Amino acid sequence: MVQKIDPIIDQELIKDVRALGEFERNALAQGPTVTIFIGQKPTVYEMSKRVIMAISPLANEYFNNDPAAIELHIPSDKFHWVGVLVLAQWMTHVCKSPRPFSIRGSHNPLEDISIYTAARGLGLDLYIHPIFTKLEEFVKGTEHGLLHYEELDAICKCDSDDRLFMTTTSVYARLRYYEQIPDPEEFDDFLSKHPRFEKALDWVQTNLEKRNGKPTASICHELGGD
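By the count of numbering that gives the first Met the number 0, the sequence shown reaches residue 225 at its end, each step adding exactly one.
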């Protein structure tokens with residue numbers, strides 16, 4: 000007969016799991032497991048409850064409020080399954096590995112955005128600085144052209160005070176100010192579906208116009224490189 004594992008544990012939040020020794024990190028991987036749901040869809044199975052409570056402030060509060068819970072439910076409008084899966088794998092491996100390591104990004108900007116937004120949602124800000132720096136450079140860069148709308152849509156899931164959201168808002172407000180959006184009608188259609196992003200853009204552009212006035216046609220033409 001398999002002995003049932005008590006789902007109720009006492010686990011404090013750890014400031015930085017990477018600072019723990021191998022034995023301490025390994026010990027976190029012991030005990031009950033939970034399933035992570037995004038909306039109503041189960042996404043991660045058999046996630047160590049102690050690990051996620053030790054690393055994620057959101058999970059720690061969630062399970063302290065409901066100690067017997069064996070499921071963690073997070074909203075589908077804030078989390079993408081790819082990012083959640085990558086983070087769950089990292090939390091597990093960093094506790095089982097002989098040496099700790101940081102969250103690694105990918106070569107796919109959309110995947111990196113999903114990792115970033117999921118990490119922000121779970122409260123893993125301490126561990127994602129390299130990914131944020133890479134994404135910030137990507138958003139500000141010009142050699143790759145503008146973001147794909149799928150990438151922009153993913154960034155719009157960030158909170159309004161999120162640094163990546165604000166960086167993106169600033170970049171696109173300037174592009175619109177200087178009339179450098181390639182297809183303004185398509186962009187306006189996108190904005191109509193993302194009113195929070197549109198409001199932030201309008202605010203930045205209004206301040207640009209107050210400070211600099213309306214850009215002349217010659218400046219827009221020169222910046223556009225035509």
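Calculated directly from the structure, the hints in this document are not laboratory data. Nothing here was measured: the structure is a model prediction, and the numbers come from that model. Watch out, some of these pointers could steer you wrong.
Derived pair list, reagent style EDC-like, types lysine to aspartate or glutamate, alpha-carbon separation capped at 20 Å [to be verified]: (1) 192 - 208; (2) 77 - 110; (3) 192 - 158; (4) 192 - 135; (5) 156 - 124; (6) 14 - 60.
- List in ascending order the numbers of the hints, as given earlier, that are violated by the structure. 1, 4
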